[in-house]
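Assemble the whole structure, with the sequences as input and the hints as a guide.
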Amino acid sequence: MVFSSIPFLFYFLPVFLALYFAVPKKARNAVLLLASLFFYYYGETGYVLLLVFSSVMDYTISTFIERNRGKPSAKAALLISVIGNMLVLGFFKYSDFFIANINALLGTSLPLPHIHLPLGISFYTFQTMSYTIDVYRGQARPQRNPIDFAAYVTMFPQLVAGPIVRYQTIGAQLNNRKHSWEDFSIGATRFIIGLGKKVIIADTLGQLNAAALAATDKAALFYWLAVVSFMLQIYFDFSGYSDMAIGLGRILGFRFLENFNYPFIAKSISEFWQRWHISMGTWFREYIYIPLGGNRVSRLKWVRNIAVVWFVTGLWHGAAWNFIAWGLYFGVILALEKLFLMKRLEKTPSALRHLYVLVVITISFVIFHMESVSAITETLKGMIGLAGVPVVNSESVYALKSYGFVLILAAFGATPVLRSLIRKAKQHPKWGTAVDILTPVLNIVLLLVVIAYMIDSSSNFFLYFRF
Amino acid sequence: MKNLKHIITTLTFLAALYAVFFLNLFKAPDDFSVSERRRLAQFPAFTLETIRNGTFMEGFDKYAVDQAAFREPFRRLKAVFDLNVLRKMDNNNIFVLGDMVFKTEYPLNERSVLRLCGIINTVYDRLLGEAGNVYYTVVPDKNAYLENSGHLVMDYAALERGIRDSLDGEIEYIRIFDDLSLDCYFRTDSHWKQDKIIPAAQTLADGMGVELSNAPYTKERFDRFYGVYYGQSALNIAPDELVWLESDATRQTIVTSMEKPGQKLPVYDQTQLESPDPYNLFMCGSAAIVTAQNPLNGSGRRLILFRDSYAAALSPLLLDGYSEIVLIDLRYVSPDTLGQFVDFVGADVLFIYSSTLFNASDSIRGLSAETFVSPFVARERIN
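Protein chains in written order, with the numbering used here: chain V, 1 to 467; chain A, 1 to 383.
Hints were generated in silico from the structure; no laboratory data involved.
Pairwise CB distance ranges (calculated):
1. Ser33(A) x Val332(V): 49 to 57 Å
2. Arg52(A) x Ala214(V): 34 to 42 Å
3. Glu110(A) x Ala375(V): 20 to 28 Å
4. Asn3(A) x Gln427(V): 14 to 22 Å
5. Ile288(V) x Leu97(A): 54 to 62 Å
6. Ile384(V) x Phe26(A): 55 to 63 Å
What you are looking at is a predicted structure, and each value in this text was computed from that prediction instead of being measured. Using N, Cα and C, we set each Cβ at its ideal position, and we do this for glycine too.
Laid out in C-alpha cells, this is it:
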C-alpha cells in the first residue's frame with residue numbers, strides 16, 4: 001500500500017487512527033504492529049513473513065548479545081545478524097545482478113532467478129541491523145518486549161521507503177511517548193504537504209520525464225528536460241515520502257529525524273550529502289565509514305574508506321553498474337573536495353559554488369537515471385549539443401511550455417525561500433494570525449486537490465520503493 | 001490560543017478524513033461512468049484465495065478509485081488545476097481552445113500507418129478481385145485544421161504521402177481534406193457533423209462517379225449531445241447539437257446489422273440518443289457489418305465501405321446513389337470470414353478511415369497469418 005493511494009487515505013488511515021487512539025496507551029504499539037503488518041501484506045502478501053523473520057532474528061540475537069555482553073559469543077551473534085541480514089538483502093536484491101555478471105565474466109549462461117524484490121527490504125534490513133549493532137556497542141538498550149520491537153521494525157510510516165530510523169532515535173519513544181494536539185496538527189500538515197509534493201509535483205514531473213525520454217525526435221532541450229525533471233521529480237518524490245513518514249510518525253507521537261534539508265542549495269558536494277537522504281548518509285557513516293577508521297587513518301586507507309562507502313552507497317540504490325558508477329562518482333568528487341577543492345571553494349563566490357554543485361549533481365543524475373553507458377554518454381552529449389540533434393524542436397518547446405510552470409514551481413519549492421517567508425510571517429503579530437487561520441484551510445484545499453489527482457491518476461508508485 | 005490553532009487544524013483534518021471515509025463507506029457503487037463511457041470496477045471477490053494471492057487487493061485498488069465519492073467533481077478539479085493552475089497545455093492529452101475540445105494526435109506513427117495499409121492491400125488482393133472500382137479516402141481528425149495553436153499536430157501531408165506510397169496503386173485516392181474545416185466537427189466529440197459534410201460526400205460521390213440528388217434534407221436535432229471528449233476533458237463544457245439529415249431515401253432505407261439478425265432498423269436509430277454514445281444514432285453505430293437497402297434506387301449499384309465510425313454519419317448522404325450500401329468495420333469482424341457475409345462482385349468499394357485510426361491501427365483485425373501480407377512486403381511491392 002502506498003500513502004498516495006485512495007485505499008490508504010480513504011480507508012486504512014481513518015480506521016487505523018480510530019483504533020490507535022481508542023485503545024489504551026499500552027496497547028498502541030500492538031495496534032501499530034498489526035496495522036503495519038496489514039499495510040505490508042496489502043502490497044506484498046507473503047513477503048510479510050520475511051519482515052517477521054527479520055524482526056524475530058534481530059530481536060533474538062540482540063537479546064542474546066545483551067545476555068552475553070563481553071563474551072566472544074556476543075561478537076559471533078553480531079556477525080550472524082550482519083551476515084543474515086546481508087544474505088537476505090543479497091538474495092532478494094542482488095541475485096540477478098550477481099549471476100548476470102558471473103555469466104558475463106565466465107561466459108556461462110546460468111539462468112537468472114528473477115526474484116521479486118520485496119518492498120522496503122533495503123530500509124528495514126538496515127534498520128534491524130543497526131539495532132543489533134547499537135545493542136552490541138552498548139549504544140542502545142535492547143528492547144525486551146517483542147511487540148514493541150516488532151512495532152519499531154515494521155512501523156508503516158517509514159517501513160517501505162524510510163527514512164531509516166535508528167533504534168536509538170525512537171527507542172525511548174516506543175515505550176513512553178506523548179500525544180498532543182500540537183503533534184497531531186503539525187504531523188497532519190506535514191503529511192498533507194508531503195502528499196502534495198508527491199502527487200502534484202513529482203508525478204507531474206514524472207510525466208515530463210517520460211515524455212522527454214519517449215520523444216522520437218530528440219533535441220538538446222529534451223535532454224535537459226529529461227534530466228532536470230528527473231532531478232526534481234526524485235527530490236519531490238522522496239522528500240515528499242519522507243514528509244509523509246515524518247508527519248505520520250508525529251501524529252503517532254514519534255519524532256523521526258529529518259531526511260532532507262533543501263539539498264539543491266548546497267555549496268559543495270559534501271554539504272549536498274549532509275542535506276540529501278540524511279538517514280542513509282548517517283547510516284553509512286556510523287556503520288561503515290567510521291568502523292573502517294574514517295579519516296583518522298593514513299591517506300591511502302582513507303581513500304579506500306571513501307571508495308568502500310560510496311561503492312556500497314551506489315550498490316544499495318540498485319543492483320546495476322550505473323548505480324555503482326554513480327556512487328563511485330560521488331566518492332571521487334568527495335575525495336577531491338576533501339583533498340584539494342574545499343579550500344578553493346571556500347574562497348569562491350557563492351554563485352559559482354552553487355553552479356559547481358548543480359553541474360556535478362546534474363551529471364550524477366544522468367548516471368543514476370540512465371541504465372547503460374551508451375545512454376549516459378548520449379544524454380550528456382545531447383545536453384551540450386554534441387548528439388547531432390537540434391537545440392529545440394516543436395515537441396520539446398511544447399513540453400517546456402506545458403511543464404514550464406511546474407518546473408519553476410518545483411525549483412522554487414526546492415529552496416527554503418517559502419519556509420523562511422512563513423517563519424517570518426509567523427513571528428509577525430498580524431501575519432502570524434493569518435498563517436494560523438490559513439493553515440487548516442490550505443490543508444483541506446491541498447488535500448482535496450491531492451485526492452483529485454489520485455482519482456484521475458494512474459501512477460502513484462514511489463521511486464524509492466525499488467531501492 | 002496556541003493550542004486552539006492546533007486543535008482546529010487537527011479537527012479539520014480529521015473531519016475531512018472521516019467525511020471521505022464515511023461517504024465512501026456508504027456510497028452505493030455505480031456500474032457505469034457515462035462521462036468516461038466505461039464500466040467501473042466493482043468490489044472484488046473476497047475469499048481466502050484472493051486475499052492470499054493478492055488479487056483482492058489489486059481489485060480493491062481499482063474499486064476504490066473507480067467508486068470514489070464525488071468522482072466527477074474531483075476529475076473536474078484535477079483538470080482545472082492542471083490547465084489553470086499548473087498552466088499545462090493539456091490534461092491527459094485533452095486540451096480546450098475556445099469552447100472546442102481536442103485530443104492530441106501526435107506524433108505520426110508510421111508503423112501503424114503501414115500496418116493498416118498492409119491490411120487494406122491484403123483485403124484488396126484476397127477479396128476484391130471481382131469488385132468494381134476500389135477507392136480510399138482519409139478523414140482528417142479536427143487537429144488537421146488547427147493553425148498556430150501552439151499544440152502538437154501530426155504531419156498530415158506525411159500521413160497522406162505514407163498511405164499513398166504504401167497502398168496498392170490500383171486503389172484510387174479521393175481527397176476530402178479541402179472539403180472540411182474546424183466548423184465541420186463537434187466541439188465535444190472527435191467526430192464530424194453530418195450537416196457539415198455534404199461537400200465531402202459530394203466529392204466522394206463525384207470521385208466514384210455517382211450522382212446524388214440535390215433534393216434538400218430535413219434537419220432533425222438533438223441538443224444534449226455530450227461527445228466523447230466531454231467526458232475525457234472532465235470540464236464543464238456546453239453540449240453540442242447533434243443534427244441528422246432526413247430525406248426520402250433515408251426514410252425508406254431498411255438497415256440490418258449482423259449483430260441484430262432479423263431486425264429491420266432505421267438509418268437513424270433515435271433510441272440511441274439516450275445511450276452513453278448518442279453518435280450511435282447513425283447506421284447502427286459501432287457494428288461489424290451493416291447493410292442499408294435503398295428501395296428508391298433501382299440501379300442495383302452497390303457500395304462497400306470498409307470504415308471506422310466516421311462513415312456512419314457519411315453513408316446516409318451517399319444513399320441516393322446506391323441501391324445498397326454495406327458498412328464493414330474490421331475492428332469487429334475478421335477479414336478472413338468476410339467472404340461468407342458480403343458479396344463483393346461488381347460493387348464499388350471505398351476504404352474510409354480517419355487519420356486517428358491510421359495512426360493507431362492496432363484495433364483493426366488483420367488477416368490470418370498464412371495470407372497476411374506484411375506492410376513491409378506491401379511497401380516493397382509498391383516500390
